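Participant: My request is simple: use the sequences and hints to build the entire structure.
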Amino acid sequence: MMTGVPLSWYLILSAVLFALGVAGFLFRKNIITVFMSIELMLNAVNLSFIAFSYQLKQVNGHIFTFFVMVVAAAEAAVGLAIILSVFKNRATLNVDDVNSMKY
Amino acid sequence: MQLWLIPVLPLAGFLINGVLGRRLSRAVINIVAIGAVVLSFAWALKVVFALPQAPYAEHYFNWIVAGSFKVGCDFAVDRLTAVMLMVVTGVGSLIHVYSTGYMAHEGGYYRFFAYLNLFMFFMLTLVLAGNYLLLFVGWEGVGLCSYLLIGFWFLKKSATNAGNKAFIVNRIGDYGFSLAMLLIVVTFGSLDFGTVFPSAASKPEGIVTLIALLLLVGACGKSAQFPLYVWLPDAMEGPTPVSALIHAATMVTAGVYVVARSFPLYIHAPAALELAARIGLFTATFAATIALAQNDIKKVFAYSTVSQLGYMFLGVGCGAFSSGIYHLVTHAFFKALLFLGAGSVIHALGGEQDMRNMGGLRKHIPVTFWTLMCAAVAISGVPFTSGFFSKDSILLAAHHHEPWMYWVGTITAGLTAFYVFRAMFMTFFGEYRGGDHHPHEAPKAMTIPLMILALLSLVGGYINVPTWLGRFFPTLEYPEDIALVVISVAAGFAGIGIAYVMYVMKPGLADSAARSLGWIYQLVYNKYYVDQIYEAVIVKPLVNGSRALLWRVVDAGLIDGTVNGIGARSVGLGDWLKLFQSGNIRSYATWVVFGSVILVIALGLVGAIR
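In the order they appear, the protein sequences are chains A and B. Sequential numbering from 1 applies to the first sequence in our numbering. Sequential numbering from 1 applies to the second sequence in our numbering.
If you're looking for bench data, these hints aren't it; they were derived computationally from the structure. Be aware that a few hints might be false.
Said to hold, decoys possible - Pairwise CB distance ranges (calculated):
id	chain 1	residue 1	chain 2	residue 2	range
1	A	Phe67	B	Gly607	25 to 33 Å
2	A	Phe67	B	Ser582	26 to 34 Å
3	B	Leu558	A	Lys102	34 to 42 Å
4	A	Glu75	B	Ile601	23 to 31 Å
5	B	Gly583	A	Glu75	18 to 26 Å
6	B	Ile585	A	Phe67	21 to 29 Å
7	B	Ser587	A	Met36	19 to 27 Å
A quick note: this is a predicted structure, and the numbers were derived from the prediction, not measured. We put the CB at the ideal spot given by N, CA and C, even for glycine.
Facilitator: Structure follows, in structure tokens:
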């Protein structure tokens, strides 16, 4: 199964997805987009876990992936609630405007 | 023999009175304080009567153990200790009794007796100690009690100053003492008397001399010898029983005791012994001349104490250790009596200490007069009183050592007789000059100790201390010389006679003599300006130097500068670092990415990633 696809391809894909996630996090201003970029980074990591897990015939990678998915789901719940609350209070979704927690 | 009981009983008295004293009645305080000391005296008597011939020591516990070096809590008793025990607990008991009368109208009653008991504890530790370190504990402890009791009336500025002066001047001596102890540890590997003394002969003379000289520095501080005597006259700010107990009879003789205790070191350090004799002789004469012109009755006796301590140093310095200790014992009797009598006079006059405002008290307070007279004839060396025996044994030893020392000592004996009888005549003879005050005799608690001490001053010389100590110290062989005795006695009588002429027969003579002497009188009256010289040469430069260099430069500049500088730099750094907390999430993320990249590169460089 999938003998034709070497491990490095998965890793390159994972790296590319992660880089996209980082770039989105850094450069987009909409909180929802920033949030989705985080999900993208998490899933890029998941991909590399699964690839290694398959390659090394080890179940650890799967377990880590489930953990990450659970955390991501919880984070989505909390995160979306925060975003809703921010929008209700400030009527904006621009991250640069949400900067009152500073020195 | 349960030696520990002797010092621990007064310690218990101190704890009871010190902790609970505020709530106890005066009667209970008296019973506790006097009871503790009298029981201690009784136990000391028992120990002395059962004194074994062989050296006797008791080991309680190891105090310091470091490799092969060991210091124990050891008490030892021998003939020298026995003599000291008798003097300290005996005279101490009498002074405790006397104090109940003298302090009856004073506040801080329990505090006074607690300190007095604490003093007894430390003094007995000092004389019972079986090694130098334990001796030093007692040595410092009595210094502390001296400080506390000099400053007993701590609301009086002069009293607290005098306490500080005593403590600070004693630091110099104690520094010498501690250096001596360190040198003993390095040289002998032990501080036990039993280990150090037998091997003193096998050590190089230079190092033994150095140890002996450093011990002598300590002894000079504690026993108020030139140039460290200046604290003792000021110490008279304390209550008079304290002057009698601590600053006449016991604590100030600790220096003589240490020199006598360390005699195996000193006989191998003749240079140190010679210096002790010369310091003693000089101090004796020097202090006696100051005493000639003082008008405060306690100051006269204070300088007299310095002078008599000089005699003791002269005695031990001439190698006549037993004569020095003999004089220590008789001096404890008659000087304690002089002070207690002076206290009785002061008590009778409601606090007056200036002899110019006394006079004619013989009729008003006869018991005080007659007892003080016993002390006066004893210190003047009138034949067959206690002072006669001890002083002449010292003077004979001095003559044997170097004849000129005898002559100087004899002149000093004449001066001593003069100033003591000058004080007696100014106080008790002539007309009362104190105005309307009606002097009253002291209560029995004060007069009975006076009478006992008067008896001891007269017949104490027959307690033959030199014979008792004969086997303990190396004996000096020299012929008795009746001519020398006659000369020194004649000097004493001459002093008494001149005092009688000047202060009783022709009262105006003293003033005209003072006027005709002019600047010499002023010099002596002002105590040779020693305090002023110390002030100008030592205290002022020290204070100014401390203020200019140590305070302004070192403390304010260097130390505060460093600490405050670190603080200011931290604030500056924080001011810059806080900019990173901008509240901007994307800038945080940038720093996280930046940090991760740096981390990965760094790990790559050190080879953690393969």
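Participant: In ascending order, which of the hints set out earlier in this document are inconsistent with the structure?
Facilitator: Violated: none.
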